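**Student:** Here the protein sequences line up with chains A and B, keeping their order. So the first sequence is residues 1 to 324, counted in UniProt numbering. So the second sequence is residues 1 to 272, counted in UniProt numbering.
I should point out that these hints are in silico values taken from the structure, not numbers from a laboratory. Everything numeric in this text was worked out from a predicted model, so none of it was measured. Please note that the accuracy of each hint is not assured.
[What the hints assert, rightly or not] Here are the simulated lysine-lysine pairs, DSS-like style, with alpha carbons at most 27 Å apart:
#1 Lys154/A to Lys175/B
#2 Lys306/A to Lys320/A
#3 Lys191/B to Lys154/A
#4 Lys156/B to Lys273/A
#5 Lys8/B to Lys55/B
#6 Lys154/A to Lys190/B
#7 Lys92/A to Lys190/B
#8 Lys45/A to Lys273/A
#9 Lys314/A to Lys48/B
#10 Lys318/A to Lys82/A
#11 Lys320/A to Lys48/B
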Amino acid sequence: MQDKRCTLQEAIQMINDNDMITFSGFVIWRRPMAAIYEMLRQGKKGLHLVEVNSGTHAELLIGAGAVSIWESCWIGHELYGKVPYCLDRKLKEGTIIAEDYSHQHMLYRMAAGAMGIPYMPTWASRGTDILNPEYDMLERAGLRNGANDKIPVKKFDYAQDPFYNEGEVIHVPAVRPNVCIVHAQQVGEEGTIRISGQTYSDEQAIKAADRVIVLAEEIVPESYLREEPERNLVPGYLVDAIVELPWAAHPTGAYGCYDVDGAFIREFASACKTEEGFRAWVDEWVYGVRDHDEYLDKLGFSRLEKLRANSYHKYSTKVKRGSR
Amino acid sequence: MTDKQYVKPGEYSVVDMLAVAAAREVQDGEVVFAGTGLPMLAIMLAQKVNAPNSKLIYEAGTIDSRGDSLPSSVGDPRCVTQASVASGLFDVFNQLQRGKVDLAYLGGAEIDKYGNVNTTAVGDYTSPSVRFPGSGGNPDINSLAKRTVFIMVQEKRRFKESVDYITSPGWMIRKWPEGTLAHRKDVYGKKFLGGPSAVITNMAVFRFDEEAGTIYVDTIHPGITREQLQENTGFELDFTRCKGETELPTYEELRILHENVDPEGIFLPARG
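Here chain A stands alone, though its shape is the one from the complex (with noise of 0.2 Å):
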């Protein structure tokens, strides 16, 4: 049995300048953050990120510098902060590509990926200006040329339905990240991968990868992940790393382990209204804190007590979420 057993420093050593990179969950729900923090630390650059939906996770990436390319559908904070004042900076500075597509073209673009075909078809957002020539961001920078593999030649192309002259249908090219980065609540010493709740996107991020850490709540033998196989959702030998690391979501949520911190996320996602509040931020709890252990010691019992999920809800009971 090969051991992908790793401390997170070494997991994330993995990732190289300039690589193409997603990750599991949705908006603010099961993303990686402990990754996140350490690829901050590590000081990674350039990355080309490509998410079905990004979310508090990668408005930190944008923030740091971190990405040159961000292709995706939506990103924000859901009901914590609307608005992705990093992203607006940066393109505002010009040091950002943002190219467009829906959330159905995200997602098979992904598939296509994760099917290893080159591209999938779709009727999904016509008419919009998604699909505009002149917004094609990519193109305008030069980067449609084919010398970066990760970059397909064409935005989307048009074809006509050839089996049942359903009229013209929208082909999204494959995205085949460098590397995707989950988190989950459980995974075998192997690296079968075990989430509970929605799978969101996961299935079709993982496996459009070509290589896949996993930060995990817990690890756990995989004889006792295999006396229930239709509970998994990725076998081990899609994964090349694995990581122990209770509340490596924070401050986004888990499923049955704990809720989002709402209050904290509030509190990022106003500090990144401007640049200085921005960096006072990060060197606080990125740079102001050598790792995961650390920021879960300044973070403090009680905040993460209160978070936890109630087992049989599956969300936590104890935290107050309305004006009530």
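Chain A is fixed; fit chain B onto it per the hints.
**Tutor:** Frame of chain A; chain B shown alone:
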């Protein structure tokens, strides 16, 4: 069945009105696709009042949840409680494309007289003055659901002659690669399923002439004048089919909304 007891002016908030008006768009038994926020209030209220057999799909991948704790976003564990299936985006977006979704609620930053919506960027797209979160599923859902209902704030700068960027397709849309304006039915052809059916704002309910592809005023909320509505719109409004005032919320609807749907006050402001 007792007569409906309508609330009086001052007894409800704007959010109450939006949630109630949106809930009434659901017909019983429909499959409804919802995103975070007001759509959650609307569909959960509809399920408790006028459409008990409607089925709810959350964009992040849960189907027909029957939890009693309001999710704070579509990725929330609360979406999974008593769901029929907890799957993922690939499943629910495939169902959307398959034509299984009857109604969806959407929002937007800007809308034009054809129902085209912008949630991406204001100004020149290649060098935007403000960047919004982006499309999300808005364009997909608005392409592939049979009816969509937009919930928006009524402001002159948001209700425009033409939007800066078409994130989500209305009734007259761009046919690419030429970019010519064409009716949605011509662009979607055999895959035409429907389109925007209503826009509900803090001032009025709008509907669409589906042949002409243009928006018109259906009802105006009590206390709002035609002049005020026009002043808050960036194009000339069509009042020719205005039916009068929007039906007020009932005491029962507001009680359910505040006591059962959002008792924690996650999306609803406190009642003054």
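**Student:** Would the pair Lys154/A and Lys190/B pass a check requiring their Cα atoms to be no farther apart than 27 Å?
**Tutor:** Given pair Lys154/A, Lys190/B holds - Cα atoms ~26 Å apart, limit 27 Å.
**Student:** Need the status of pair Lys320/A, Lys48/B: alpha-carbon distance at most 27 Å?
**Tutor:** holds (25 Å)
**Student:** Is the Cα-Cα distance between Lys318/A and Lys82/A 27 Å or less?
**Tutor:** holds (25 Å)
**Student:** Is the straight-line distance between the alpha-carbon of Lys154/A and that of Lys175/B 27 Å or less?
**Tutor:** Holds. Lys154/A to Lys175/B sits at ~18 Å (cutoff 27 Å).
**Student:** Taking only the CA atoms, is the gap from Lys156/B to Lys273/A under or equal to 27 Å?
**Tutor:** At roughly 26 Å apart (the allowed maximum being 27 Å), Lys273/A and Lys156/B satisfy the hint.
**Student:** If you draw a straight line from the CA of Lys8/B to the CA of Lys55/B, is it 27 Å or shorter?
**Tutor:** violated (32 Å)
**Student:** Does Lys45/A pair with Lys273/A here, judged by a C-alpha cut-off of 27 Å?
**Tutor:** At roughly 22 Å apart (the allowed maximum being 27 Å), Lys273/A and Lys45/A satisfy the hint.
**Student:** Taking 27 Å as the top limit, are the C-alpha atoms of Lys92/A and Lys190/B close enough?
**Tutor:** violated (41 Å)
**Student:** Straight-line Cα separation of Lys306/A and Lys320/A no greater than 27 Å?
**Tutor:** holds (9 Å)
**Student:** Take a quick look at whether Lys191/B and Lys154/A sit within 27 Å of each other, Cα to Cα.
**Tutor:** Within the cut-off at roughly 24 Å; holds.
**Student:** Mind checking the alpha carbons of Lys314/A and Lys48/B for me, to see if they're no more than 27 Å apart?
**Tutor:** Satisfied, since the Cα-Cα distance of roughly 24 Å is no more than 27 Å.
Hints 5, 7, counting from the list given before, are not met by this structure.
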